[in-house]
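> Chain by chain, the residues run as shown.
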Amino acid sequence: MPAPEPKVRYSLSDEVDFLIVGSGASGGVLARELSQAGFSVVVLEQGPYRTAADFNHDELAKYIHNDLLSHPSWTDHQTFRHDESDKAEVRDGGGPPPALYARGVGGSSVHFSGNYWRMRPLDFNERSQLGSIEGTGFADWPISYEELEPYYSKVEWEIGVSGSPGPFDPPRSRPFPLPPMPIKSSGALFEQGALKLGLHPQPAPVAILSQPYQGRPACTHCGFCMGFGCEMNAKSSTLASMIPQAEQTGRCEIRPLSTVFRLETNAQGRMTGAAYLDAQGRQHSQKAKAVIVAANGVETPRLLLMSESSQFPDGLANSSGLVGKYLMGNCHSRVRGYFEHELNDWKGIQCTRIVHDFYENDPARGFYGGGGLDGRPFIEAGPIMSALTEAGAGGLRWGRQMKADVIHSFNHRMGVLAGTTSLAMLRNNVTLDPEHKDAHGRPAARITYRDHDDDMAMARFLQDRADEILQAAGALRTVREPVQPENVLAHLLGTCRMGDDPASSVVDRYHRSHEVPNLFICDGSSMVTSSRGQPTLTIQALAFRAAEHIAGFARRNEI
Amino acid sequence: MPPEELFHLPSRREFLRHAAALMGGGWLASHATAIMAAAAEAQESQATAAAFKHLSEAEAATLGALCDQIFPPDLPPGKLPGASELGAPYFIDAALGGFMAGELGTIREGLADLDKRAPGSRHFHELEFDQQTEVVRQVENTPLFGMAHFLTLLGLFAMPSYGGNKDGAAWKMLGYEPRHHWQPPFGYYDDQYVKEHAKENGHAGS
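Chains as they are written, first to last, in the numbering used here: chain Y, 1 to 559; chain P, 1 to 206.
Worth flagging that the hints you see were computed from the coordinates, not collected in a lab. All residues carry an ideal CB built from backbone N, CA and C; glycine is no exception. There could be a bad hint or two in this list.
Coverage of chain P stretches by chain Y, computed from C-beta distances (three or more under 8 Å per stretch; other residues unrestricted) [what the hints assert, rightly or not]: (1) 54-65; (2) 91-97.
Below, computed lysine-lysine pairings styled on DSBU-like, alpha-carbon distance capped at 35 Å [what the hints assert, rightly or not]: (3) P:K195 / P:K53; (4) Y:K196 / P:K195; (5) Y:K87 / Y:K437; (6) P:K79 / P:K116; (7) Y:K287 / Y:K437; (8) P:K116 / Y:K196.
Make the full structure from the sequences, and use the hints.
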């Protein structure tokens, strides 16, 4: 199915009210809010405009070919290293990129699993509660939970989130708009195991429709959520929820296959628009009164750094030197459990029960951190990844026993995934690779990342708990995956953090750059702390809040 | 990435050799465009004369026996097919004309080595199954085995249209059905859970 015919096309010389870079979790919300508020909006999206009809269950294409992650017309490698003392390398042996995000209209909200956890009041002021942590940029947010709460509710109601409150949830002004998704066997086992241990399992809040909502159908439990686009539009991606509403206004043009390579400024140090490459690699330049960068926590700082000029020698909006710094990706650990009866965990959504008993920091643990646990099949839900997991566990396995295990495990296995806090550190960052460039001369994003020891300790702590839950649930056996420093980050956070002090932050509390009055930055990069492993709901709450303030500034002529 | 570039990935062999070890830690994938091209070619092979394009008939016979060592046919024969019967060798042959083309020489050498290791003057594929197993144990750490292992599984469990999962038979073994719609109960434990909770709430489970 081709992308919808645009209701409006702006010319490059039209000075639109807002140019938004990126159409993902944040950009989609901003586009819809600002166009509905009456402003003219152009969204430049580097990936293609796929629609529900383009999505399928081709595991080879999605997990091996990475087709949702790739640009169809050119390669755009990233380089990675754990430590600054190493030379960052491109992973030419294949595999997922170090900064894993989807390219396409809707961004990574298209291929995510939709776990929508609110942050809690403590996430916003934990630094004040606990004190500083040496060697880190651990800091309070300039805003509180109470300030963001209405926008959490707004996300849940505007895009469609299914769930019911748990015992530790922060206060909410509105109930969930939709009841929780039906429980899966992994959820049932996870809940039973957790209850035996005295924990408090709760239904997973997810951005997936348990009932028809706003003209979109309910989930059909097909099982191809994580890493796939939803062919039903039941997953509440911005592609399914926000983008069509933005286009419906007749004021928002989504321009796919438009890769921004430079943000443009004038002699007065104000934004004038953005230069981008179209599908054929031709250069264009779109004029705008204001620019909002919502390209994710790696591409946003990369673009700001690429937009250096004599006026902004260290990159745009970077007088603090913090553009690209404090990258946070959440640390993870996993345990697989094998059970007597069939779970068929390849059916249905990823995750139906979670445990938040270990959300808060506990000094008794001896390290900083908190996190969450959930029961789910993870990436090995489908036949290929399931088989590769079983045949690759502990070395290459082959022969009749491997075959028997591959067959049996497919229906009898589940996993528990743990996600943790990441401490912000200067050593974890996005910079421009000094050597590696793509065919268009754009420097590769160079990612330097090694989790803080406390993040790793938290991941190991949660792995112990995950193992206990699976054993308490009656697992015949469990297998722990080694806890290792992250080398694939799917959560790209913290690289243009918000704050009141221009010396220690990139944007203010309204996402306006401290340096350039008509430049706003709003995506995972705005986050000051990392969440407990599920940041997207917070990113979208920030986007709704930012849109309201930005619209106000525009109306009052304060941009 | 243009095909010629794919042929010159220096770390590919090493990567594939260790692919399985990497899989557990969030490993997702190998090179993409190319596998797709290989897969499309595999599909074509199946659809047409099912002839091998890059390996000789003799080499293909050796490869087929190796695929069956990795993912064997069940005993008694015919119960659950092995990789060879499902088409894995065609998938691999196609890969050797696509993203694995740079490895064609290595694969050829590896297959010749298997034949050389076969006792007597027989070819590897002419040995009894258990004799073949003995030979494969000697080559478990070779590039040939790493590549064959990865590609066999990939071909088997990909969509049947890619050629290595004839009639979806590998999926049927798993109990997997390619559908877009399911309803709860999905498995034993959620079924039990819902029934028990219905009982607790004083009405019949549904």
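> Hints first: check each against the structure and report whether it holds.
Hint check:
1. Judged by the Cβ-Cβ criterion of 8 Å, the segment 54-65 of chain P is not covered by chain Y as claimed, because only 0 of its residues qualify and three are needed.
2. Coverage of the segment 91-97 of chain P by chain Y is violated [criterion: at least 3 residues with CB-CB distance below 8 Å; count 0].
3. Proposed proximity of K195 of chain P and K53 of chain P is contradicted: the alpha carbons are some 56 Å apart, above 35 Å.
4. About 19 Å separates the Cα atoms of K196 of chain Y and K195 of chain P, which keeps this hinted pair within 35 Å; it holds.
5. Restraint check: the Cα-Cα separation between K87 of chain Y and K437 of chain Y comes to about 15 Å, which is no more than 35 Å; the hinted pair holds.
6. About 31 Å separates the Cα atoms of K79 of chain P and K116 of chain P, which keeps this hinted pair within 35 Å; it holds.
7. Restraint check for K287 of chain Y and K437 of chain Y: the C-alpha separation of about 27 Å stays at or below 35 Å, so the hint holds.
8. Our distance criterion of 35 Å between C-alpha atoms is broken by K116 of chain P and K196 of chain Y, whose separation comes to about 59 Å.
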